[in-house]
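S.K.: Reassemble the complex: the two chains are provided individually, in unrelated frames, and hints are given to aid placement.
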Amino acid sequence: MKDTGEIQLQGIAASRGISIGPAYCFSVPDLTIPHRQLESTSQEMSRFTNAIDSARAELQELHADLLKRAGEKEAAIFEAHQMILDDPTLRKKMEQQVEQGQIIEQALMSAIEDFANMLAAMKDELFAARAADVRDVGRRILRILLGLPDQSLKMVHSPSIIMAQDLTPSDTASMDPKLSLGFCTAAGGLTSHSAILARTLGIPAIVALGEELSQKVSPGDMVILDGMEGILIVHPCEETLQKYRNIQEKQAARDREFRSNAMQPARTADGKMIEVAANIGSAESARMAVANGAEGVGLLRTEFLYLEEKEPPTEEKQFGIYKEIFEIMGQRPVIVRTLDIGGDKPPSYLRFPQEMNPFLGWRAIRISLDRPELFKTQLRAILRAAFGYQVRIMFPMIDGLDELRRARQMVEEAKNELKVEAVPYAEDIPVGIMVETPAAAVLVDVLSEAADFFSLGTNDLTQYTLAVDRGNATIASLYQPLHPAVLRLIKQTIDLAHQKGKWVGMCGELAGMSTAIPILLGLGLDEFSMNPRAIPESKNLINHLTVEQSHHIAEKVLSLGTSAEIEAYIRQVLADL
Amino acid sequence: MFNSKIKVTNQVGLHARPASKFVQTANRFASEITVQNVTLGGDPVDAKSILMVLTLGVLQNHEILIQAQGSDAETAVHDLTNLVQNNFAEAEN
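Protein sequences appear in the order of chains A and B.
According to this note's numbering, the first sequence is numbered sequentially starting from 1.
According to this note's numbering, the second sequence is numbered sequentially starting from 1.
Next up, chain B with everything else stripped away, as it sits in the complex (with noise of 0.2 Å):
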């Protein structure tokens, strides 16, 4: 089991275009993906399910915790931490 704990800093949140992006990426990876709101507190949800990433409602500066088991599991969580880390690579406008 690999995880990580952290804070989402774009100005939407994992919502429109970055949840999108964060569904699309945990969908390349065998291992079950979780996500979880820890600002807001609530269970952890199906990182894959771009509906069940809609209702955590993490807006800017939640903080979230990224769970994953199997064999990608460590890319996985790599990966989504980058995506996050980097504001899901929006260009400032």
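Chain A on its own, in the form it takes in the complex (with noise of 0.2 Å):
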């Protein structure tokens, strides 16, 4: 082979992807804290105040900038980082500094140093981690202090890729997804912020290079990054260029496909029509469903109105909540499940026994019929809310018919009242049930009586099924969703329901699990609900699969005596796609 002068670094994959371009070596800005003489303690902390106040602004708009583009849940960090700003203890330590004799800007950096060294050190690696955070916003303050801009990678001006010792959190969310094109860094790890972010703006990066990062790539140099392998490949030659541009072509047509496709109903290779619905439990969470190409909900969970108040939640107030999901749905089809809390998890206004087993305990259904007010409250506020669009009740945890002819006629009842106080109502709305004890799934043929549809709940049916607590760190290697038994069970709930002339859908985890939809789809499911972040890859596969091929695979999966032989077997069938 040739010598082309191309160079191979082998890193961590972060976040997948790959770029190509020029890299830009970002430096982090030299706060060498100059001498100069101490103030009196007042003012040296009010020079801290002022900065702070700096601090706040920029936290803010990186805050709001981050909260449109990557989400909730991710911006929070920034609002952490403001909580850091106005911390009373570090407030207090550095005061204290300072009346020993140091400028303020010292007493920042060993407060801060302080801090992090103490959560470096503690055991569980989540709190670990907050270390870099504290130093950011250390630094954060600092540069304010020193009189430095807030330069960061703002400064990245053309298209590029970013090489770097290490990010910060706040680095990292000050990147232009079109201008930085990827990210290296000879530090980092697969948990750290930046990685995480990575992934959620979709950058492509890749962590822990080394040393060797710095010495072999220069300002300029052409990069490949492949952020899948975690090979970063310095002064590629035109061979390797000519590969990856390839490749990358080939992504971005597969990307293509997937978006444009989770927009039309999901259909098999064969061209049968399967239902992708998402399980949501906000409003936040049903415009996501719909951006992600959801057919409808097949579970919209209402627990969420019950936590957090201390009062249960007014008719009024669950109509209006009700309403907003349903009218960003459309005609959509939305199955409301009732209120599923238990002993776990008790809101403070339910008297809660103490409880040995509250999985086994007070709790879904359970609680609703002996508590008919709350449970009437809210079968008044869907029926009313349903009027209009296409809305579904379901109840969680039924175990046999009593419970069920029970809670129906409640429904009933609530009816009756709206119909005597002249409020229009959804009249002819479907009543389903969650089949999430094994009781239910061997009685679908008895329960079809008074059900008007199934939903698998096989996060519940997995632990009932198998005895297995799914929150106990101990046993987790036993939680088995593709475990024989829990499979018979789902093959049964189906088969005895379309013998009755009903459908199944799934709203666990399982649904949109890519190990999983071959089964199922084998095995006759009618409706797939969940994650809408998981809908257009689960689409992608429903249309690579046959029916015909489905029975296969699913035959073949219940002739497997564990579920590690049936995983094997299904990673092989995905392979093979």
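One should not assume that every hint holds.
[Stated by the list, open to error] In the DSS-like style, the derived pairs of lysine-lysine whose C-alpha atoms are separated by at most 25 Å in a straight line are:
(1) Lys92(A) with Lys21(B)
(2) Lys310(A) with Lys21(B)
(3) Lys21(B) with Lys317(A)
(4) Lys21(B) with Lys73(A)
(5) Lys123(A) with Lys7(B)
(6) Lys21(B) with Lys93(A)
(7) Lys415(A) with Lys317(A)
(8) Lys5(B) with Lys345(A)
(9) Lys123(A) with Lys21(B)
(10) Lys502(A) with Lys272(A)
(11) Lys272(A) with Lys500(A)
Worth flagging that the hints you see were computed from the coordinates, not collected in a lab.
M.R.: Right, dumping it as structure tokens:
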């Protein structure tokens, strides 16, 4: 092989994607503290007060910007940074240092280092990782104290790939994805904020490339960043460039196809229409569902209404929130699940008994049936808001026909009340149940008497079938949603329901997992409801499967004896697609 | 002096959003408020300081002790206890 001067560096792939372009070497601004005369304590402290005011303004801007680009969860970090500015213990520590003769810049840095070291020494990784945030805030305040501008990555003016020793969350957040085509750091890890943020913003990234990075790359060098394999190629030869350009084009085409297909109804390669819906819990997630191509809502959780307040939510409040969500979904069907809480997460106004095992205790429909006033208020609000929309009601944790009959009776009572009051409501609202206990799964034919549809809640169904607490880390490996026992119950549910002419959906995590979709399709599942973000890829997978092929897959899977065998088989199937 | 001992049951413990909410709530009161990690031991810290609250390292199922002294101490302890009991009002996901 002829020497082309091409250099390859291996790091850890932190955010998928490939970028090709010139390197921009980002160096941290020099924040050396100059010597100056110490002023009075109050003068030193007022410098600090002014600096944190400016810092707050910068952080607010960053927060607002990231809220738009990445969402609430990712932006929250800059809210936390603002809280550090106002921290009373930080201020107290600094004041003590100043009184002992340090200028405010030194006092700030020593207090910040104390806190950062304290956090970094903590056993739990999550807490230890906060040390980076404390240092980030410290550097921001110091930069302002030194009168330096907020340069960060706003200095990048032409499309480039950023090379840095390490990046703070602030650095990453200030990247413009049009100009920062990707980034590489010598330090860092997969769970660092910068890596997480890169994945959210869709910027390809490699971390932990080591000290070689600064030695081998100079400003302006042509580089290829392979965020799939974690490889950085410096001075690529023409052949390598061509190879990566081809991969880049193929991926872009795939992304375009995913996105445009997501807006089309899902259908198998041989033309069978499959309903792909979203699990949501707020108006915000309803908008996300629509944007991702959801054809409906297979699960609208209502617990949030009950957990946020000190009082149970009024009928009017619930009506308003349901109506807003139905309006966003338009004429798409929406399944509202009635209150599903338990002693593991009790609202303050419900007096819970001390329970040995809240997951087998007073929860979900059991509470609703024991607290008719609470239940009826919710049913009235749903019935009223559903007027003019395609809404269905679903009860959680049904064990048998008596519970279901009593719950349906409550729906009838609520309807009668509204009729007498001459309030408009959805008269013919379908009523169904979650299948999340083994009892419900084996009784589907009996329950069909009073249920218009069924929706498999596989998270609880797995937990109750295998007697494995899904929150218990010690036995986490025993929690197997693809366990043969769980799959048999799913098959039985679908078969029994279809015999009675009812449809079956699934709103558990399994419905959005690529390892489960081919099996579920083969078992005849009618509706898949999942996290909105999983919709485009799931639709794409469904598009590539035929009904016949999926029947064959399901048949094979049911003949296998363990989850491990099932998973291995499915991975092979997916690889061959 | 008012106090309350309570188990933190939310998934991430006193970290991220929950820690911020806890400290923001504490800052609404004039009283002096401290919080202590009973499970891990250690000293009580200022409940109004996000940095100190983080150093407690409160994880799921740890017990904490909230203490307050001052004009609005009773309400402060009540509101903070409620916040923890309601899992920081996080919707399940």
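S.K.: Now tell me if each hint is right for this structure.
M.R.: Hint-by-hint comparison with the structure:
{"no.": "1", "hint": "Lys92(A) with Lys21(B)", "verdict": "holds (22 Å)"}
{"no.": "2", "hint": "Lys310(A) with Lys21(B)", "verdict": "holds (16 Å)"}
{"no.": "3", "hint": "Lys21(B) with Lys317(A)", "verdict": "holds (24 Å)"}
{"no.": "4", "hint": "Lys21(B) with Lys73(A)", "verdict": "holds (14 Å)"}
{"no.": "5", "hint": "Lys123(A) with Lys7(B)", "verdict": "holds (20 Å)"}
{"no.": "6", "hint": "Lys21(B) with Lys93(A)", "verdict": "holds (23 Å)"}
{"no.": "7", "hint": "Lys415(A) with Lys317(A)", "verdict": "holds (19 Å)"}
{"no.": "8", "hint": "Lys5(B) with Lys345(A)", "verdict": "holds (17 Å)"}
{"no.": "9", "hint": "Lys123(A) with Lys21(B)", "verdict": "holds (23 Å)"}
{"no.": "10", "hint": "Lys502(A) with Lys272(A)", "verdict": "holds (18 Å)"}
{"no.": "11", "hint": "Lys272(A) with Lys500(A)", "verdict": "holds (21 Å)"}
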